[in-house]
Every structure is written in C-alpha cells, then in structure tokens.
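Take these sequences, add in the hints, and give me the full structure.
There are 2 protein chains.
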Amino acid sequence: MIAFITGVAGFIGSNLADKLLKNGISVIGYDNLSTGQETFISKALAHPNFKFIKGDLLNSQKLNSSIIGCDIVFHLSANADIKNGLLHPFRDLEQNTIATYNVLEAMRYNNIQKIIFSSTGSVYGETKMIPTPENAPFPIQTSLYATSKLSGEGLIQAYCEGYGFQSWIFRFVSILGERYSHGHVFDFYKKLLKDPSLLPVLGNGKQRKSYLYVGDCIDAILMAIEKSNEKVNIYNLGAADYCAVSDSIGWITEYLGIKPELQFTGTERGWIGDNPFIFLDTQKIRSLGWESKLTIKEGVIKTLQYLEQNHWLLNRN
Amino acid sequence: MIAFITGVAGFIGSNLADKLLKNGISVIGYDNLSTGQETFISKALAHPNFKFIKGDLLNSQKLNSSIIGCDIVFHLSANADIKNGLLHPFRDLEQNTIATYNVLEAMRYNNIQKIIFSSTGSVYGETKMIPTPENAPFPIQTSLYATSKLSGEGLIQAYCEGYGFQSWIFRFVSILGERYSHGHVFDFYKKLLKDPSLLPVLGNGKQRKSYLYVGDCIDAILMAIEKSNEKVNIYNLGAADYCAVSDSIGWITEYLGIKPELQFTGTERGWIGDNPFIFLDTQKIRSLGWESKLTIKEGVIKTLQYLEQNHWLLNRN
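Residue numbers (the numbering used here), protein chains in the order written: chain A, 65 to 381; chain B, 65 to 381.
It is possible that some hints are incorrect.
Identical chains share a label here; the pair holds if one copy fits it or two copies do between them.
[Claimed, not checked] Below, simulated EDC-like cross-link-like pairs (lysine to aspartate or glutamate); rule was C-alpha separation at most 20 Å, straight line:
(1) K295 to E190
(2) K270 to E332
(3) K258 to D145
(4) K295 to E332
(5) K192 to E294
(6) K295 to D338
(7) K291 to E198
Quick caveat, the hints were computed from the structure, so don't treat them as lab data.
Structure, rendered in structure tokens:
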C-alpha cells in the first residue's frame, strides 16, 4: 500500500509518516515547506519506502502527477495560524478549502477514493453541548479557520456521496508532542526563555481546553481507519479530560523551576474567535478500543522536553 | 436606505427588488446575467430608485466599487444548478463559496456590515430529524451545492464574529412563483408541452418535498430582518406542510387537463445527492408572526400560470 500525505513535513504529518513507514507502508509525502520543516522528515527521508515531493497544493498539475499510484490520502496540510486569521481572511479559504478541493480532484482524476482529513473541534463553534459529541447541534462558526475546515469536511462528504469516495474525518483538539511548533506551550516556553520573570497570557487564564498527545492522535487515526467502514466516518479526537490555561502554566513553570509573574490580557477569550471552553466527547473513538496513553500534563511535559532539545524551532522566521 | 442585491435579475432577486422599491428603498442590483434575465428587472429598471450594474461576483474590483454607499446586502446570487453539480465540481465552490467571500470582502472594504444570505434546506443533508429545525444535529453533506452554501454560511458567521458583521441566513426549501425558471414544475411543464401523453419523472415519484411561494418567502425575509437582531440570525423558510412529487404531478396534470403516462426512473432519489424527504421545521420564523399565504398547491398553480404566459423562458439557451 502507498499512502500520500499532504503536509508531510508538518507536526502531525511527519509523525504519521514515521509511523506508517514503521508499519511497512510506503509513503509519498507532499509539502511546500512553508511551515513544514525538512528536519522533521530527516528520518523518513533515509527510509527506502519514502519519497518526498516539494510542492504546493495550489499547484494542481504537480499535485495530480505526484499522487499517481497512491491508494489512500492523508490530507493534513493546512494553514493552522488560527489566531491571525482575521489579518488575512483569504488564507484559510485558499490553503484549507480550495486546497482540499484540489486534493479531492487529484484523487478523482487518479481514481483514488480513500481520504483521511484533519478537521478541528473548532467546527463546533461556541456550542453549549459540552462535552461535545460528533452529532452536536448544527454549529455557528466563530473563526475563518474553523469555517475553512468545515468547508473541507463538506467537500469531502459530497465527494463520498457523489463520486464513491470513502472518508475518515477527525475533529482534533490541540495536539501536543514531538515536533510541536505552534500553540500555547510553544508561545509560553519561548517567552519564558527570554524573560523567566514575566509571562504575558492571552485571555484570563481561565479558558478550558483539551489537548492530545501526537502519538495518541496517530494511534486513534489508524485504529479508526482499520475498524470503521462507513462511507463517511467522523470522529472527535481528544483527551478524556480538559485543563485550564492556568493549570498548564502551573505545569510548565513547575517543570522549568521558575515562578514568573503572570500578566493576563484579562478577557474570557485569548483572541477573537477563541473558544473559552473546548471539550470534545470522545466516546465514539473510545468505543473502538482506543484510549490516550498520556495525560494532558504528560503531553505538556513531553512537549517542553522536545522544545528544550530543539531551540532552533523557536528562532525560525 | 440603499440595498445591494446580488443576483438581482434572478428569480428571487428580481421579486425582492420590486418589493423593496415598492417599500421606498433604493436598490443597486448586481448580476452577470448568466442565468438572470433582464426581462425580470424590466419593471425595476423603470424605477428612479433602481440602478443596475452588470457584473460578476468574481470580478472583485467591479464589485468593490459597485457596492459603495450601500447599507445592507442581499446576497442571493448563486449557481443553483443542483442536479448537475457533479459534472463540474468547481462551479459551486467558485460561484457560491468564493463569490460569497468576495461579497464579504467588498462589504468589509466599504464598511457595510449587514448581510442577508439565501442558504438552503439541503445543508441538513439526509437528516433523520424531520421536520428539521435550525439546530438539528450536525449534518453530513450530500451535494456540492449544499456544501458550498454551508461554506457561505460559515464565512458569513466568521465575519460576524471577527469583523462585527450582522447576518440573516435563510435556509430555503424550493421556491415557486413568478419568474421561476428551474425546478420540477418547470421541467414537467416543458416536457408536457412537447408531449402531453408522456411524462418522464426523475426518481420514483415518492420523494417528499416542501415548497414556498416567492411572495411568502420575501415577506418572511423582510419580517425576520425587522424583528430579529442577533449577531447571526438563522431561519428555515418553508411551507407548513410537504407533498410528494406524485401529488405535484397530479396538480399539474389536472390544471393542464391532461393524463400523461408517467415514466419513473424508479429510484428513491431523483439524482445523486437528491434528498428523498425535505421538510423544514419553520416554528422559528412563524414565531415572529409570519405565515405563508399560499399553500404548496396554490404555489404550483401560480407557477404554471406564470410559465403559460412566459413560454420564452422555456426556450432560452
């Protein structure tokens, strides 16, 4: 079997590539390296069953020819700069929605029909149903990022109905772990390295969020593909619990052995479109036998350890 | 007040323009006349408070300058050829999703923040909750058309959250009445004119659908704008009941005084992505005091009367 991974040099894509290669699956990885890091795939690049293609999903011609011969597509590439979506509103539409369309068309052109898609728990907007199940009430979107992911889900579902595709759509919480390169642990660690006495925090520290370790995330994806066979398979992926931003700050500063002054921006939301409480109901994926091996705290610590060993990541761009 | 109407030369857009002008509101109408008909706006064109601009929503520059000075936008333009979506999958994405983005950007650029959007009951996919309320369970999309409308809804909602817009989103059933120019009454009437002895019917005739008369539709829209003031206001619009395709065939043939042989294609769905049962819960809009004046049957007859007087519509293209 040959798997095609978009965003292969990204956080989740590169971890997935390593895992698939380890499982004996050949991988063609596609990435424009705009945010992906070649270092992340250095191990994969040394593997005989891995092929890397530097390309952009907006380059349909290159995409169409790169995907030839693949059996299954893991479409993980995305603009994931959620916070700054409002500064450049076309970016999510182009890099997430239109790019997903391009992936689907490349698949259709080459008669490839199985797609795995990384969506987000943010598609539930500010739902009142918490923990939020996959069939929560029809949501109202609160960010361009989530909207673009919802559009991607819809396109994939329509291709399943119309062209005989089969899909596994995963609505993630934030993912932690090795090769993590954006998000609150990243931001906090970077700030604390610069000034261990002061930590500016977006929001009031009371936002409650759930996180998942990247290894657990990938295990869940592979188990869902193996064990579910509907036309459209949708799964929430997240930890069994959640934490407050202030909890996470406590773990981080404890691990680093420092006691910075916390400087809150003081609002309920870290940024416009930020959701003060994200906690997904993960009964559906758990019913397949999956469970997360790491707690949120362990995931945070693993991430810190990784960042400590990879300071180059903090200083890029 | 100046209203901007996209798709002003279309079925609903032209009826809306006439109504707004009658209510003393100035209208700037925008249409590329690809499916819109100049004849539909002949009355509006004679009105001193109406200005027509022939332009495409994909022409951002023209759109941005045309919309200047407007207070509210009725975004009705769309590719509405639902049945043939699978023949040209980019069309819905481009003409509905990307065009909606262009409208939102033109508004943002010109500091216009109120938008009315014509979405569709098809965004509920094949929901099991019938009649279907606005907060039905998170749907799975079954057509590229509905997906593109869902994406439009999401973009509008994200603009409300991020840029202070206010929106009224209407999920329509199929609309009937004067200037109706595609849909089952149109298709049946055209076929029966050609051969009154035989009527080919997509599906098994048992699909159940709801319809709404265009005058009732426009009354509902204007009442919702007047009486609701949330950041995002979402309303289903439909009749209080539904009918089977075979009921509608009965009304049409009775009205025409003919008894054609019915030739069913024999499946539960008229086409891929067709929903065998659409019936929206319209409690929310009714709670504002709105109700439909015409029954579905009366709407079908009105439509037939209109088509009888406008045979030119049957032969266009």
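Q | Hint numbers contradicted by this structure | A | 3
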